[in-house]
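Taking the hints into account, I'd like the entire structure generated from these sequences.
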Amino acid sequence: MSELFPLDVTAAQVRRRGKVLVGPVDLTLKAGGVTIVIGPNGSGKTSLLKMLHGIVRLNKGSVKWACGTEEAQKRQAFVFQTPVMLRRTVLENLIYPLRLLHVPKTQARVQAAEWANRIGLGDAITRQATVLSGGERQKLALARALIRKPDLLFLDEPCASLDGRAMREIEAILHGAAANGTRIIMSTHDMGQAKRLASEVIFILHGKVHEFGSAGGFFDLPETPQARAFLNGDIVD
Amino acid sequence: MSELLDGIKQAFWLIVTLDADLVEITLRSLQVTLSALLIACLIALPLAAILSVRRFPFRRITIAVLNALMGLPPVVVGLIVYVFLSRSGPFGVLGLLFTPTAMIIAQVIIIVPLIASIAHQSLRDLWAEYHDLLISMNTTQGQRIKTLLWDSRRALLTAALAGFGRGIGEVGAIMVVGGNIDHATRVLTTAIALETGKGNFALALGLGFVLIALAIAVNLTIHWLSHTEREGRW
Ligand SMILES: Nc1ncnc2c1ncn2[C@@H]1O[C@H](COP(=O)(O)OP(=O)(O)OP(=O)(O)O)[C@@H](O)[C@H]1O
Ligand SMILES: [Mg+2]
Numbered sequence: 108m109s110e111l112f113p114l115d116v117t118a119a120q121v122r123r124r125g126k127v128l129v130g131p132v133d134l135t136l137k138a139g140g141v142t143i144v145i146g147p148n149g150s151g152k153t154s155l156l157k158m159l160h161g162i163v164r165l166n167k168g169s170v171k172w173a174c175g176t177e178e179a180q181k182r183q184a185f186v187f188q189t190p191v192m193l194r195r196t197v198l199e200n201l202i203y204p205l206r207l208l209h210v211p212k213t214q215a216r217v218q219a220a221e222w223a224n225r226i227g228l229g230d231a232i233t234r235q236a237t238v239l240s241g242g243e244r245q246k247l248a249l250a251r252a253l254i255r256k257p258d259l260l261f262l263d264e265p266c267a268s269l270d271g272r273a274m275r276e277i278e279a280i281l282h283g284a285a286a287n288g289t290r291i292i293m294s295t296h297d298m299g300q301a302k303r304l305a306s307e308v309i310f311i312l313h314g315k316v317h318e319f320g321s322a323g324g325f326f327d328l329p330e331t332p333q334a335r336a337f338l339n340g341d342i343v344d
Numbered sequence: 142m143s144e145l146l147d148g149i150k151q152a153f154w155l156i157v158t159l160d161a162d163l164v165e166i167t168l169r170s171l172q173v174t175l176s177a178l179l180i181a182c183l184i185a186l187p188l189a190a191i192l193s194v195r196r197f198p199f200r201r202i203t204i205a206v207l208n209a210l211m212g213l214p215p216v217v218v219g220l221i222v223y224v225f226l227s228r229s230g231p232f233g234v235l236g237l238l239f240t241p242t243a244m245i246i247a248q249v250i251i252i253v254p255l256i257a258s259i260a261h262q263s264l265r266d267l268w269a270e271y272h273d274l275l276i277s278m279n280t281t282q283g284q285r286i287k288t289l290l291w292d293s294r295r296a297l298l299t300a301a302l303a304g305f306g307r308g309i310g311e312v313g314a315i316m317v318v319g320g321n322i323d324h325a326t327r328v329l330t331t332a333i334a335l336e337t338g339k340g341n342f343a344l345a346l347g348l349g350f351v352l353i354a355l356a357i358a359v360n361l362t363i364h365w366l367s368h369t370e371r372e373g374r375w
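Protein sequence lines correspond, in order, to chains A and B.
Residues in the first sequence are numbered from 108 upward in steps of one, following our numbering.
Residues in the second sequence are numbered from 142 upward in steps of one, following our numbering.
Bear in mind the hints are in silico, worked out from the structure with no lab data behind them.
In this text, a Cβ means the ideal position worked out from N, Cα and C, and glycines have one as well.
Some clues are possibly wrong.
[To be verified] Quick list of the computed label-pair ranges, beta carbon to beta carbon:
{"id": "1", "chain 1": "B", "residue 1": "ILE180", "chain 2": "A", "residue 2": "ASP133", "range": "52 to 60 Å"}
{"id": "2", "chain 1": "B", "residue 1": "THR203", "chain 2": "A", "residue 2": "ARG206", "range": "26 to 34 Å"}
{"id": "3", "chain 1": "B", "residue 1": "ARG294", "chain 2": "A", "residue 2": "HIS296", "range": "35 to 43 Å"}
So, in structure tokens, the structure goes:
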């Protein structure tokens, strides 16, 4: 199998109804590690992730994967800021992506049950996913993304509605996935979590990449006053 | 008022004695409308799903036309089908006029827009909800349609029930293309029209009650089925 990375983003821009949501962005991402996207509300984190994932149309520029777009799309998964639950049971939500990949039914069931246990929903497999709590939905969405063994996982604020314990559980799962070679690109509002997970950081402001570099460098010595203000919890504009 | 009471009595006796004529036309009503319903669903549901999922030119117009066709007057549909099926019409050689098949054709035309419209509304809403996820999972067009149809099956059932209701109670079109021929194309609604015309109000009312009972029975059966499914016992 050919390599997904490097990912080359050149002057990429997404506009909707005359408003620039994100871009122009120039960025090169290499294989391995965890990229954390941070920035204030409305700065374009979600838009950036969706643009890289290829589910919003570009108005300008390009997003190029080493292996080509079509191949790349099959190897990524995305966990949305507001998780989308299929109107099915927990188990069926987990089975769904496997059936898309033509995994035989019985095998898919076994794998789905394993994942349900891993995220603490082992007793809830027959429950409708739409009645789960916010945190349970987040975990289910994460499991449903990882069950396809993606080479690259996008997460859009996966811990926004989680308590400390659930957050640690998710981080443990993410650590496991990263250790197994899954590349992670994730946005978060939680600076503690960003420091725990990040190997590199993208700081985004007004739809543009304001700062991009290794996590150590960014958190110890942010280059721009805006990044310093953001890390201090001050208002950035 | 006494006619109403007589009607109820008549209906009661027709049913308990399993009157042969009543059984025959009831079964024909069911046969015609259920066949039409099945065919209409096979056309309308995929159509509604495609209209929800695919972007193509004239999509909005197609939807508007579909909604407008919902209000199609059945008699006019009957008339048009009549012209097409009559001996001198383009499909005259098939000899379908005044057969149950002609009645099924007319009913399909009447209920397809209704089912497609109702189904489209719920499929479109579900698609808005699933859009990002299904695109992200790299699904094919076919997989998207299958997922939407399956996950909104309860709403689709309601759409089908509405279609059944419209079909079973419809009289204008099947009267024109069926001809209300005894032992051939007579169904509950056309029989009611006939008996009313002859002044047999009690019998007409009796048949009317049977018709209502039939519609309720089918609705309850289907609701019971979907309830059983919800409990996960299906
Ligand atoms: N489809 C759209 N049409 C118009 N404007 C949009 C659309 N989607 C997003 N926006 C706008 O683009 C900007 C960036 O949105 P985005 O969701 O990417 O921000 P974000 O950084 O993820 O914010 P948050 O931290 O609140 O999740 C916002 O001002 C938003 O209102
Ligand atoms: Mg966001």
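Hint by hint, here is what the structure shows:
1. B:ILE180 x A:ASP133: 52 to 60 Å: Since the Cβ atoms of ILE180 of chain B and ASP133 of chain A sit about 57 Å apart, the hinted range of 52 to 60 Å holds.
2. B:THR203 x A:ARG206: 26 to 34 Å: At roughly 31 Å between Cβ atoms, ARG206 of chain A and THR203 of chain B fall inside 26 to 34 Å, so the hint holds.
3. B:ARG294 x A:HIS296: 35 to 43 Å: holds (38 Å)
This entry satisfies every hint, going by the numbered hints stated previously.
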